[in-house]
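*Asks:* Going down the list, the protein sequences come from chains R and C. As numbered in our numbering, residues 1 to 342 make up the first sequence, in order. As numbered in our numbering, residues 1 to 342 make up the second sequence, in order.
Take these hints with a grain of salt, some might be off.
Below, a sample of chain R positions facing chain C; criterion: calculated Cβ distance under 10 Å [as the list claims (entries may be wrong)]:
#1 Pro59
#2 Asn96
#3 Thr106
#4 Ser139
#5 Arg172
#6 Pro325
#7 Asp327
Since the hints were made in silico from the structure, they are not lab data. Small disclaimer: the values here were computed from a predicted structure and weren't measured. We put the beta carbon where it would ideally sit given N, CA and C, even for glycine.
2 protein chains.
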Amino acid sequence: MTQFVDVPNMARWIQREGVEGIMRNMVKYLENDFTRWEKFDKIPRVASHTPFGVIELMPTSDGEEYSFKYVNGHPFNPARGYQTVTAFGVLADVDNGYPTFLAEMTLLTALRTAATSAMVGKRLARPDSERMGMIGSGSQAEFQALAFRAAMGIEDLDVYDVDPAAMDKLKRNLEPLGFRVTAMSSSDEAVANADIITTCTADKAQNTVLSDKQVKPGVHINAVGGDCPGKTELEAAILYRSTVFVEFPEQTRIEGEIQQVEEDFPVVEFWKVLTDQAPGRTSEEEITIFDSVGFAIADFSALRCLRDSTNGTELQTYIDLVAEPEDPKDLFSLVNSLKPVG
Amino acid sequence: MTQFVDVPNMARWIQREGVEGIMRNMVKYLENDFTRWEKFDKIPRVASHTPFGVIELMPTSDGEEYSFKYVNGHPFNPARGYQTVTAFGVLADVDNGYPTFLAEMTLLTALRTAATSAMVGKRLARPDSERMGMIGSGSQAEFQALAFRAAMGIEDLDVYDVDPAAMDKLKRNLEPLGFRVTAMSSSDEAVANADIITTCTADKAQNTVLSDKQVKPGVHINAVGGDCPGKTELEAAILYRSTVFVEFPEQTRIEGEIQQVEEDFPVVEFWKVLTDQAPGRTSEEEITIFDSVGFAIADFSALRCLRDSTNGTELQTYIDLVAEPEDPKDLFSLVNSLKPVG
Chain R
1 MTQFVDVPNM
11 ARWIQREGVE
21 GIMRNMVKYL
31 ENDFTRWEKF
41 DKIPRVASHT
51 PFGVIELMPT
61 SDGEEYSFKY
71 VNGHPFNPAR
81 GYQTVTAFGV
91 LADVDNGYPT
101 FLAEMTLLTA
111 LRTAATSAMV
121 GKRLARPDSE
131 RMGMIGSGSQ
141 AEFQALAFRA
151 AMGIEDLDVY
161 DVDPAAMDKL
171 KRNLEPLGFR
181 VTAMSSSDEA
191 VANADIITTC
201 TADKAQNTVL
211 SDKQVKPGVH
221 INAVGGDCPG
231 KTELEAAILY
241 RSTVFVEFPE
251 QTRIEGEIQQ
261 VEEDFPVVEF
271 WKVLTDQAPG
281 RTSEEEITIF
291 DSVGFAIADF
301 SALRCLRDST
311 NGTELQTYID
321 LVAEPEDPKD
331 LFSLVNSLKP
341 VG
Chain C
1 MTQFVDVPNM
11 ARWIQREGVE
21 GIMRNMVKYL
31 ENDFTRWEKF
41 DKIPRVASHT
51 PFGVIELMPT
61 SDGEEYSFKY
71 VNGHPFNPAR
81 GYQTVTAFGV
91 LADVDNGYPT
101 FLAEMTLLTA
111 LRTAATSAMV
121 GKRLARPDSE
131 RMGMIGSGSQ
141 AEFQALAFRA
151 AMGIEDLDVY
161 DVDPAAMDKL
171 KRNLEPLGFR
181 VTAMSSSDEA
191 VANADIITTC
201 TADKAQNTVL
211 SDKQVKPGVH
221 INAVGGDCPG
231 KTELEAAILY
241 RSTVFVEFPE
251 QTRIEGEIQQ
261 VEEDFPVVEF
271 WKVLTDQAPG
281 RTSEEEITIF
291 DSVGFAIADF
301 SALRCLRDST
311 NGTELQTYID
321 LVAEPEDPKD
331 LFSLVNSLKP
341 VG
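Model the full assembly from the supplied sequences, consistent with the hints where possible.
*Replies:* Okay, structure coming up:
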């Protein structure tokens, strides 16, 4: 039987552990796997694009376990009452190929995206960072805020969203948790005093939600929303003033902010920073960008973190997904109560 | 909520409808989708190979629905009590990207592989075919036999397998259903009087389970087991005497019998036979080969056939796989019963 964590149990897990507790634990899983980067099978995600959005499969394996995530991105969904992004994922045993664990990943993706941003931000933002400017306050915003508080103690948020109701929602969700959230009337105001700028908007277009003149020296830009072909958030000029850190260059050049620039634009693979093969931030004035697109290895980490944390608890149920006849060559035995016709 | 057909309900469905009844219905779905071949997104499956076997993802879409299948192939599994092939699959709504239907596909893949062979065999084998030679009597064998009886009335089977117990199993499963099954002591004997030869063995190697001198004019070869890189069953010389029909050439050249021959070896895409854009069998003496590897569109057809046939019955349950907050921009609302810390 395959272990299963459905939506209600995922919500219960988050309530039990707390987002910040999960963040601290998940960052350890991420760091462990990013450190083993070279051991993993890595391919750009497999995308099926339509005018409505995209459906993607994101597989990877470390040679012992295999994972994949199904995820969609449909920017017009919220206007129709649906989530922009929904996801689910699977772990499998490489040794025999059997799926071992299935989980909802809409919430888990929100957690892993934020945890990845925090893992990177902790190493690239100035250590004295206190204030985050956030452009976009949709589904991912609370998770980013909690991740950066868990990793760096950030509690001051200056927020701008084109939808005032989305800013109200962010205040409503975060202020009771001790954040100081200021809703701004422009992105200029949201980033004016920021040590860290998080861009996380949903529109599938080459937008400039952050322009070059808004970016001051020393800032760390956590660029989350530019994550598929034709979807970017930063004015290209910013990239030329900055050091750009990526997950998997082959995928980021297709999907990230760097899709706007030449193919050989220099980037730093973040796993090399983790393993001391590349420097992170080198000066107070340097502008660092995490060009986050979300890579399969982070889903692998998140699924294993969830599985290990819920093992043996009532948060896991079981589903019968794998046919197991007594004689493995006799699959037909499962159905051979058919009536004879002879 | 996502509709779900698990293993026990899949077995119940097959018992309720009968394999042959399902075959007749599923062939209609396959013919409908193969006829619309040009409308589909088509990519070779995405494979993760290890020394133990392979794990694959097989996505496709007709622009309205999307499907993918997870499937493994682990030839050493039966010796350890596991299935060689297990699978599950998903249908999703392209319009909003939500997964709508999840099903076990170990049994369903056995059905769709056999149904595809039958759809093709019905058009390529001589119409007067009466006797099938089968090399390999593993998990897929009963399904192939029932598919060819449903499509062409074949009831005489001459079988050879290196494992005598597997032949006993086939006789035990099929004779009560009215088949005349003869277990042979060599592949020579199994194919000597065959109008149709089905090869379906599991060993992941470049084998010759069928050699050139065994193949007489006029036969149709249903070559099922050669379906991944390094796994073939036919002596290459057979290919040069035959007309080879394939599902999706880009995938078959990597995975099928034709991986043994030059890259521009001529093949006929079967969907063109269905749509009268290419001839099928052109003479009594022609040797036809269906170089079956299994393509995503057949899984799409099989999933839709199963879904439609079980809709509104107790064979479907529901699983909570997609987070649906009341406000789609407020994913955090699902977890915000967190205790305040302020």
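*Asks:* Quick check on R/Ser139 please, does its C-beta sit within 10 Å of some C-beta on chain C?
*Replies:* Holds. Min distance 4 Å.
*Asks:* Hey, does the R/Arg172 contact hint survive, CB to chain C under 10 Å?
*Replies:* It holds, given that the least Cβ distance between R/Arg172 and chain C is near 9 Å, below 10 Å.
*Asks:* Quick check on the hint: R/Pro325 CB to chain C CB, less than 10 Å?
*Replies:* Holds - the Cβ of R/Pro325 comes within 10 Å of chain C, reaching about 8 Å at its closest.
*Asks:* Going by Cβ atoms only, is R/Thr106 closer than 10 Å to chain C?
*Replies:* holds (4 Å)
*Asks:* Against chain C, with CB atoms and a cut of 10 Å, does the hint on R/Asp327 hold up?
*Replies:* holds (7 Å)
*Asks:* Min Cβ distance, R/Pro59 to chain C: is it shorter than 10 Å?
*Replies:* holds (6 Å)
*Asks:* Against chain C, is R/Asn96 within 10 Å by beta-carbon distance?
*Replies:* Because about 5 Å separates R/Asn96 from the closest Cβ in chain C, which is inside the 10 Å limit, the hint holds.
Of the numbered hints stated above, none is contradicted by the structure.
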